[in-house]
Every structure is written in structure tokens, then in C-alpha cells.
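K.L.:
If you're matching positions, the sequence shown starts at 1 in the working numbering and goes up one per residue.
These aren't lab readings, by the way, just hints derived from the structure by calculation.
Among the hints, a few may not be true.
[As the list claims (entries may be wrong)] Simulated DEER-style distance windows between Cβ atoms:
#, residue 1, residue 2, range
1, VAL220, GLY191, 20 to 28 Å
2, LEU21, GLY238, 14 to 22 Å
3, GLY238, THR128, 30 to 38 Å
4, ALA181, PHE100, 16 to 24 Å
5, MET225, GLU255, 18 to 26 Å
6, LEU45, ALA124, 38 to 46 Å
7, VAL120, LEU174, 17 to 25 Å
8, ALA184, SER112, 20 to 28 Å
9, GLY191, GLY48, 43 to 51 Å
10, THR136, VAL179, 42 to 50 Å
11, LEU21, LEU66, 36 to 44 Å
12, THR128, VAL220, 24 to 32 Å
13, GLU257, ALA116, 19 to 27 Å
Ideal Cβ placement from N, Cα and C applies to all residues, glycine included.
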Amino acid sequence: MTSLAIGRAEPTLNRVPEVTLDFWLIKVMAVTMGETAADYLAVNLGLGLTVTSLIMGGILIVTLILQFAQNRYVPWAYWLAVVLISIVGTLVTDNLVDNFGVRLETTTMVFSVVLALTFVAWYASEKTLSIHTIFTTRREIFYWLAILFTFSLGTAAGDLVAERFDMGYLATGLIFGGVIAAIAFAWFFLGLNGILAFWLAYILTRPLGASFGDLLSQPVEYGGMGFGTTVTSLAFLGCIVAIVLYMTLKRMIDEDEQALLD
Numbered sequence: 001m002t003s004l005a006i007g008r009a010e011p012t013l014n015r016v017p018e019v020t021l022d023f024w025l026i027k028v029m030a031v032t033m034g035e036t037a038a039d040y041l042a043v044n045l046g047l048g049l050t051v052t053s054l055i056m057g058g059i060l061i062v063t064l065i066l067q068f069a070q071n072r073y074v075p076w077a078y079w080l081a082v083v084l085i086s087i088v089g090t091l092v093t094d095n096l097v098d099n100f101g102v103r104l105e106t107t108t109m110v111f112s113v114v115l116a117l118t119f120v121a122w123y124a125s126e127k128t129l130s131i132h133t134i135f136t137t138r139r140e141i142f143y144w145l146a147i148l149f150t151f152s153l154g155t156a157a158g159d160l161v162a163e164r165f166d167m168g169y170l171a172t173g174l175i176f177g178g179v180i181a182a183i184a185f186a187w188f189f190l191g192l193n194g195i196l197a198f199w200l201a202y203i204l205t206r207p208l209g210a211s212f213g214d215l216l217s218q219p220v221e222y223g224g225m226g227f228g229t230t231v232t233s234l235a236f237l238g239c240i241v242a243i244v245l246y247m248t249l250k251r252m253i254d255e256d257e258q259a260l261l262d
């Protein structure tokens, strides 16, 4: 979903990663962990939604400062920000629903509108929504705002289908997985715009990952497999760390090889 980039920058200047298989693997794991980690902190540790939201919001701000300080894509900084923004995006929706009594239908519609307005403002300002040209602070601000709202929207949409529509976690995951597969097919074979395909898939991987995260962590009596939020979160955290290390080493090797060629 990367072939239709507009005004592509030099790879070393872009502050976000190329869209590869590694990208999608770690993205799904990050959103899965975001769902289970938020539940672990708020419920298992007994911090509650408000305290958890304040703590994770503060950590996210520090992490984004580190990310914005980079002048190119740095795997550990970028993916740490993704994991934390996944947790905070989940908490935003959970606070609206559980603390303020906003219906899941309403949160889904509101975040859909807010995300659409973010894209409109981004395009009006930059004339592109391409993730291949995130090399200015303004573009990166739009990028991370869009990421935050995709997580909040995905959380609301996933919970709406799984809980309000009573589809269950497995069925919900399969539904969103099927929609993502249809988007990929449309991009590969039907000429769907690459930027549109990317953002649609990015939004939908949130409820996909969250559904399977809940499936693994929730008790059997609630439709889950009963592994718990601690085991599920640590398992996915371990996978994320391993992939980020691999991506970091691969990038270092590629840069050394390029230096030798130059």
C-alpha cells in the first residue's frame, strides 16, 4: 500500500517506517497489547481508568517529545510511541463509555468524524496524506493525531461489534480481518488508491488486534480463553521487542552497506 506516495522524501529523512510485513506484524501486536495493557493497569492493578489515563498520558507526552526529537525514523522511538498511543487511545474511548456514559454508537460516529476532519485539515495544509513524506514537524503532528484517533475509533468500533452487537471476540476479529483482506485485494488487483488503502487498513487493524487481545485475555465465562491480561500483555510485549530489535539491526546493516557503496 505504498506505491502511490506523493513527493516521496529521501528514506533517511522520513520519520516513520516503510510499510512492510514487519510493519503490519508489529502494528497488530502493538494494538493487541494496547487493549490488554490498558485493562491490566486499570483493572488488575486497581488504578482505575482516571489514574491510568493520567499516568499513561504523561508517559505518552514524554515519548512523543523523544520521537519528535528524531530527524529520521528510529525504530525504538517510533514503536514505543505507537504502543503508548495505542494504550491511551483505548483509554480515551473507555473513559467516554465507562466514566461518562457515552454510548459506543456515539463514540464510533464521533471519532469517525474527528478522524475525517483530521485528514481534511492535513490534506488542506500539506496537499498529501502520504506517510512517505513525514519529514516536517507539522506533518508529523497531523500523523500522530490521525494515529491517536484511529486507535480510539478502532476501540469503539471493535467494542460495538463484539459487545453491543453481541458478536463475540472471535467473530469480531474474523469480521475485521475479512474486511482488511478485502481492502488488500482491492489494492493488489482492483487499483484501490494506496494511501486510502493504507489508512483504511490501519484503522481496522485496531479492532482486529483488540478483539484477539480480548479473546486471549478475558475469562472463559466472558467468551475469552482465560490467559489473563498479564500473560497476554507480556507475550505481545516480548514479540514487539524482538521485532524492533530485528528492525534496528537490519537498518544498521543496511546503512553500513550503503555507506560502503557510497
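K.L.:
Each hint should be assessed against the structure and marked as holding or not.
P.N.:
Against the structure, the hints come out as follows:
1. VAL220 to GLY191: 20 to 28 Å: With a Cβ separation near 45 Å, VAL220 and GLY191 fall outside 20 to 28 Å, so the hint is violated.
2. LEU21 to GLY238: 14 to 22 Å: 19 Å, holds
3. GLY238 to THR128: 30 to 38 Å: 36 Å, holds
4. ALA181 to PHE100: 16 to 24 Å: 35 Å, violated
5. MET225 to GLU255: 18 to 26 Å: 42 Å Cβ-Cβ, so the 18 to 26 Å window is violated.
6. LEU45 to ALA124: 38 to 46 Å: With Cβ atoms ~43 Å apart, the hint holds.
7. VAL120 to LEU174: 17 to 25 Å: 32 Å, violated
8. ALA184 to SER112: 20 to 28 Å: With Cβ atoms ~22 Å apart, the hint holds.
9. GLY191 to GLY48: 43 to 51 Å: This hint holds: roughly 49 Å between Cβ atoms.
10. THR136 to VAL179: 42 to 50 Å: 32 Å, violated
11. LEU21 to LEU66: 36 to 44 Å: At 26 Å between Cβs, range violated.
12. THR128 to VAL220: 24 to 32 Å: For THR128 and VAL220 the Cβ distance comes to about 48 Å; the hint is violated.
13. GLU257 to ALA116: 19 to 27 Å: Roughly 42 Å apart at Cβ, these two residues miss the hinted range, so it is violated.
Comparing the model with each numbered hint stated earlier shows that hints 1, 4, 5, 7, 10, 11, 12, 13 do not hold.
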